[in-house]
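> These protein sequence lines are chains P and G, in that order. Residue 63 in my numbering sits at position 63 of the first sequence, with consecutive numbering throughout. Residue 36 in my numbering sits at position 36 of the second sequence, with consecutive numbering throughout.
Among the hints, erroneous ones may be present.
Derived coverage of chain P by chain G (criterion: at least 3 residues anywhere in the stretch with Cβ under 8 Å from a Cβ of chain G; other residues may be distant) [as the list claims (entries may be wrong)]:
(1) 31-45
(2) 93-102
DSS-like cross-link-like pairs, simulated, lysine-lysine; straight-line CA separation at most 30 Å [claimed, not checked]:
(3) P:Lys69 x G:Lys18
(4) G:Lys55 x P:Lys58
(5) P:Lys101 x G:Lys18
(6) G:Lys70 x P:Lys101
(7) P:Lys101 x G:Lys71
(8) G:Lys95 x P:Lys58
(9) G:Lys95 x P:Lys113
(10) G:Lys13 x P:Lys49
(11) P:Lys49 x G:Lys18
Think of the hints as simulated: they come from the structure by calculation, not from any bench. Nothing here was measured: the structure is a model prediction, and the numbers come from that model. For each residue, glycine too, the CB sits at the ideal point set by N, CA and C.
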Amino acid sequence: AQSVTQLDSHVSVSEGTPVLLRCNYSSSYSPSLFWYVQHPNKGLQLLLKYTSAATLVKGINGFEAEFKKSETSFHLTKPSAHMSDAAEYFCVVSDPSVWNKFYFGSGTKLNVKP
Amino acid sequence: DVKVTQSSRYLVKRTGEKVFLECVQDMDHENMFWYRQDPGLGLRLIYFSYDVKMKEKGDIPEGYSVSREKKERFSLILESASTNQTSMYLCASSKRPAPEQFFGPGTRLTVL
């Protein structure tokens, strides 16, 4: 069975400092992994995806994530936070044995202080 | 760019009303999904469709039905709305075999 654990429900950083949002997954198969961002009262926007190609994945808005199979992790990072990064972030794993069904993490709310 | 649109951003209905939530995608995607999102419960799959007129129950289908008469349109129906269906409803689509889903802006439904 697939599952996703986001290790922090809230993260607070200062503008211009690095961002680290942590995600661990459990998968019976070679997983596809995703990070989505959701701004208040908006839908989810795809930030980046890992689908068994390069383990370091670059996404939009300067975000990147590294797939580490040995640690079953897919942490999201950004070198320098911007005020506009304040949002909720979801780590997702898909299950290829069940029509690529999505399993969502519980979300991490990122606060960016001026 | 993929575009998924939902018919309303905000909707207020009364208990017992029949409610239709519409979702349209413009990228010829085979798969379409309806989720609801609630604080503390996260995103939960209500129904999905892998083709016209085809549907599968998700994790929480009770109290909902769906309709997919055209490939680009997927409707969620609340036959008799109840207050516990107050929620944010998100539609998504994907193109086989790629797994990534593209989400609409959401409909915040309040049932009074």
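> So which hints don't hold here, by number, going up?
3, 4, 9, 10, 11
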